[in-house]
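Visitor: Turn these sequences into a full structure, and let the hints guide you.
4 protein chains.
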Amino acid sequence: MERTPVAIVGASGYVGAELVRLLVRHPHVLLRGLYAHRHAGHEIAKDYPQFAGIVQATYEVFDAEAVARDCEIAFLALPHGESARAAEALHQRGVTVLDLSADLRLRSAAVYAEWYGDHHAPSLLPHAVYGLVERHREALRTARLVAVPGCYPTAAILALAPLLDARLIAPDGIIIDAKSGTTGAGREPQRSTHFSEIGEGVRAYKVAGHRHTPEIEQELERAAGKLLRLTFTPHLIPMTRGILATCYALPVDPARPAQAYADELRRTYADEPFVTVVDHAPDTAHLRGSNRVQVAAFYDARTGRVIVMGAIDNLVKGAAGQAVQCLNVLRGWPETTALDGGAIFP
Amino acid sequence: MERTPVAIVGASGYVGAELVRLLVRHPHVLLRGLYAHRHAGHEIAKDYPQFAGIVQATYEVFDAEAVARDCEIAFLALPHGESARAAEALHQRGVTVLDLSADLRLRSAAVYAEWYGDHHAPSLLPHAVYGLVERHREALRTARLVAVPGCYPTAAILALAPLLDARLIAPDGIIIDAKSGTTGAGREPQRSTHFSEIGEGVRAYKVAGHRHTPEIEQELERAAGKLLRLTFTPHLIPMTRGILATCYALPVDPARPAQAYADELRRTYADEPFVTVVDHAPDTAHLRGSNRVQVAAFYDARTGRVIVMGAIDNLVKGAAGQAVQCLNVLRGWPETTALDGGAIFP
Amino acid sequence: MERTPVAIVGASGYVGAELVRLLVRHPHVLLRGLYAHRHAGHEIAKDYPQFAGIVQATYEVFDAEAVARDCEIAFLALPHGESARAAEALHQRGVTVLDLSADLRLRSAAVYAEWYGDHHAPSLLPHAVYGLVERHREALRTARLVAVPGCYPTAAILALAPLLDARLIAPDGIIIDAKSGTTGAGREPQRSTHFSEIGEGVRAYKVAGHRHTPEIEQELERAAGKLLRLTFTPHLIPMTRGILATCYALPVDPARPAQAYADELRRTYADEPFVTVVDHAPDTAHLRGSNRVQVAAFYDARTGRVIVMGAIDNLVKGAAGQAVQCLNVLRGWPETTALDGGAIFP
Amino acid sequence: MERTPVAIVGASGYVGAELVRLLVRHPHVLLRGLYAHRHAGHEIAKDYPQFAGIVQATYEVFDAEAVARDCEIAFLALPHGESARAAEALHQRGVTVLDLSADLRLRSAAVYAEWYGDHHAPSLLPHAVYGLVERHREALRTARLVAVPGCYPTAAILALAPLLDARLIAPDGIIIDAKSGTTGAGREPQRSTHFSEIGEGVRAYKVAGHRHTPEIEQELERAAGKLLRLTFTPHLIPMTRGILATCYALPVDPARPAQAYADELRRTYADEPFVTVVDHAPDTAHLRGSNRVQVAAFYDARTGRVIVMGAIDNLVKGAAGQAVQCLNVLRGWPETTALDGGAIFP
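Protein chains in written order, with the working numbering: chain E, 1 to 346; chain G, 1 to 346; chain L, 1 to 346; chain R, 1 to 346.
Hints listed in this document are in silico derivations from the structure and should not be mistaken for laboratory results.
Each residue gets a CB set at the ideal place from its N, CA and C atoms; glycine is no exception.
Please note that the accuracy of each hint is not assured.
As the list claims (entries may be wrong) - Incomplete in silico selection of chain G near chain R, CB under 7 Å:
#  : residue
1  : Q50
2  : A57
3  : A121
4  : P122
5  : L125
6  : T240
7  : T276
8  : V278
9  : H286
10 : A343
11 : I344
12 : F345
Guide: See the structure below:
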């Protein structure tokens, strides 16, 4: 089978590097171009020495024409705002776009504007499919424009949505208390992710204001069939990879047996290649480097509260791996192609 | 002034060692005896090399008679169950006891039995004062038997109780999502705190079943003036010290201004020597090695949810430091004696 | 092509789990049996939740007969001593053995006895091939008994041996100062690898007495063509995976140009699939999860000292990956089969 | 006793903050001014939340006149180059200066120029006393200008110098392989100390070129009574504080008993308040937050090599604590004033 030529635009960040790691092992893909404005001319193995001896490539300045000429697929790992413009340029030229920024995730340009500022390509929004495969597999098969979900949304939605689908939990009053490693903050050095500052402490950030909130709400509203508002509090902890979303909800019917919630998750995910329902609290350490998800549900009978957890590797299932999973689906390749490795533990 | 002779019973664990660290700097205390059954005969500086050249002492087998003869004060850092018996033996002999186990914290032996098993000295319970100085300072001045609070309860109660006192938040539906370093699990090696297992992941544990739950409820009920049931989920994260309690509650009156909650905390803690209300999400890194507490309150206007946070060092304000603070209060010494050091950051 | 049935004996430790991770992706291997005495009857996914949904298998009690009947290949990840006995039983029954313990590494039973105690199967020693593929590839092609090298020796030998081969450095006075993550110490909880003890410090251990010393000496003697004694100091640092060996040696001819040492490494490793010579100090972070090695050489002109470094992932190239590499060689499969993934960084 | 007014110039970095932590507890010191150019106008508790509720002060722009008018003592925690100028301005105005930069450490402006560039105040050099109290206590009693030693030199010199003094080890061929936490690199965010980059790896840096090399050589030459050149390789490891120097040397007389080296250290440090000779490999974790030093010496009889180790907290004994120790000596205060706390472990 001939390999499909693909480009990574914004290839110099952690998500870009993770895409490279996954795609060099993909049997149906030919990594054709790595684009990174500020690093143009650098060899990737100089910036990321893990590729020394494995990947020989040099970052180039992005040029939509060149990408359209050489590649059928483009992954965009750009900052929001910038990504919408690149997506538009490539979409118009017939390139299938998998956008890992937030630009295509929200269906409403107005909601986008509230959280991110004016949208640069609102006309794209109706064409974008939200790339959470477990929720939108059918639509993705024919997608030409994919909004790859955010890391926190992936962990939270996969944990909560099946229980909303099944009307087991109430849409109102959901709380998501999430814990993330530092790679979600990117490669740009800053005080908040300086080792000496974060190496031995934990803290919340963007309390009541993180931009992933409306993205989670949008998908959960779709599951619940009604509008909802949820509280989302992300925390930064001293590890590089991993997101754990601990979610709290009220049961619709407190009389249901305690195992009803986990049973529903098991039913939902029985045939999913990447999602496992575990009967203990999942540990992000068991997902590192893998595209897998572990979810679990508990019922606190004393307080009548449902507790659901989702754990992922933020750079894989929360970004690059999920994008490759989307690619596999829209190309009709086996969904686990290049994503079959188990986690690196310990 | 003559120094008061004190004993530490159960001195070989992390809390015991932390008591030693604090008490060797205490100008009114003479560290008279270190008791540790299984380590009897060991020099402390062999077990804890940080004391080499500073503390010359050998662990002994506990003997209530000897302690009563030599010491006026005993700190107990024993496992629950065992602690009640030692407390009883010492209390009967006139020694003032500061018990760092859970044995004297719950007022009801029946509630204790639900969570810990049969109580070994229920007759002590009416005499014990809960040693959260910021909440029970007056009673502590004359206490002879102090139940030093648990680490999670300290962080959670100091964050939530003032808002319940002031009837700003509803007693029902409180959720406490807490994150702890590994020292809370003690020095005994076990898989869950083996570096290779915990070094790069985060997970919840004892979901809907952690024994600190009734202790937090008891104190918050006292604040709220009514019974309450809360959801408490502790998480283990890759750091040695620190507890962050992220607490979620509903406002009694959603029309109150957003800053009402932080204002109330500021009013409450204006004169407290160890508690600071900060206007950002507190970071446990800023409390390491110190007896201080940082609390903060936020109002999420989109969802009508109050978010309150408390951060401490679990071994200091969550254990040994708090016990010394109690001692200072009951002896009438300045409350910050031997506890005045700022945190070690970075 | 039919898959070759293989067994892992001692499958419950970290090396065993890493073998499982690698072998489930191996296209020519059928993982037939997982043996682990104390865990017999456990599902592997209970002990190692990263395999939940991926590997369904139960540990069994080791039985040489059963292994010989069902498998052509056995990986032994057992404690030393125990491993020799299992190796003997399997070798006698015609199973090809890849032993990851120290039992078959030293050619001399007398040297073994000095460091480990009496050898339990000295008759095997003449038949064992030292499984450092880059040094013994030809012999491995027909090996039936492979002594997979230790983690420290792998990093140190690959850095130093080419310079001894080429007579660029003196065999006398070599110093190896090595730094290791905690996984090298295994899964058994112990104080030295308890998170609270090791999480924020660094220290040497087994100074002038680590058992990998004679193994390194044996291979370097082979390179140097003469006996040598070297100083080896391992250190434990707060990370899970990775070994860095910083090696110091005297040049044979101080007049050689500074780049002579790195040039020799480049010449040696030009065609090696797993070894890259880098021009900066290698970082173990860039090798995590991969079978790759990074080496570098420097000349300190001020002091006339050669500094050579080798970095690996101790569980992959230092154990399980190296064993799979040996298997690929002795079966004539492409050497990188199942080992082609790049490192997980960050 | 009246308190001595002191200034900290360059107070916004980690060393400055550590000086604040120590000096607020110093009974004879009045912290009069905190100077930090780029942070002028900021409250220190905003930049370092560990001081919230403890230290109320605002950074100011440095002004030598104002410092000379208000303070008797100035600690300089400035970048090299800048520090020499400030030291000169203050020295001329009669202020006693404790300089924590490298500017006054090397006696020769020519050697300084080789490693750092032109010296900005060479006329100061003859007046500066090297502030390693254990080596220069007498000279420090009357010093007006103190060059507080670097972190690596402190650990290495305290380990090696006594053995050179006693002619037990050879001055030639010394190797220092050092491991440091990240705080030595300061608070300025950069890729090399970004959590995601350094959190799970170890690597050497500035191989054969670290600027602390001539400083160590200068002091060891003084001990040895002859010129020497040594190899120094620093490594960065994933922890915030701590330096371990593992030093290798040849014995002058291989026939000496193995314990001769540790015995000599014990003799040397018998009356030192901060140095302890331990009989195991010291762990930096046992020194965190303390001004103490642990040293140990071993003899590897197989190879005839002496191995000496020194462990410190780089921000305390390696910087701020050592400066306060110098101040205590030159003021005639008890040497441990404000430095008596034991380490924070675990």
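Visitor: Run every hint past the structure and note whether it holds.
Guide: Hints, one by one, checked against the model:
Because the closest C-beta pair between Q50/G and chain R is about 4 Å apart, less than 7 Å, the hint holds. Taking 7 Å as the C-beta cut-off, the interface hint given for A57/G is violated, the closest approach to chain R being about 13 Å. Interface hint at A121/G: violated, since its Cβ lies 31 Å from the closest Cβ of chain R, which is beyond the 7 Å cut-off. The restraint placing P122/G at the interface with chain R is violated, with a minimum CB-CB distance near 34 Å, outside the 7 Å limit.
Taken as an interface hint, L125/G does not check out: its beta carbon lies about 32 Å from the nearest beta carbon of chain R, beyond 7 Å. Proximity of T240/G to chain R holds as hinted, the smallest CB-CB distance being about 5 Å (cut-off 7 Å). For T276/G, the interface hint holds, since its Cβ comes within 7 Å of a Cβ in chain R; the closest pair sits about 4 Å apart. Given hint, V278/G at the interface with chain R, holds; its Cβ is 6 Å from that chain's nearest Cβ, closer than 7 Å.
The beta carbon of H286/G comes within 4 Å of a beta carbon in chain R, closer than 7 Å, and the hint placing it at the interface holds. For A343/G, the interface hint holds, the least distance from its beta-carbon to any beta-carbon of chain R being 4 Å, beneath 7 Å. For I344/G, the suggested interface contact is upheld, since its CB lies about 4 Å from the closest CB of chain R, less than 7 Å. Residue-level restraint check for F345/G holds (minimum Cβ-Cβ distance to chain R is 4 Å; threshold 7 Å).
Checked against the numbered hints above, the structure breaks hints 2, 3, 4, 5 and satisfies the rest.
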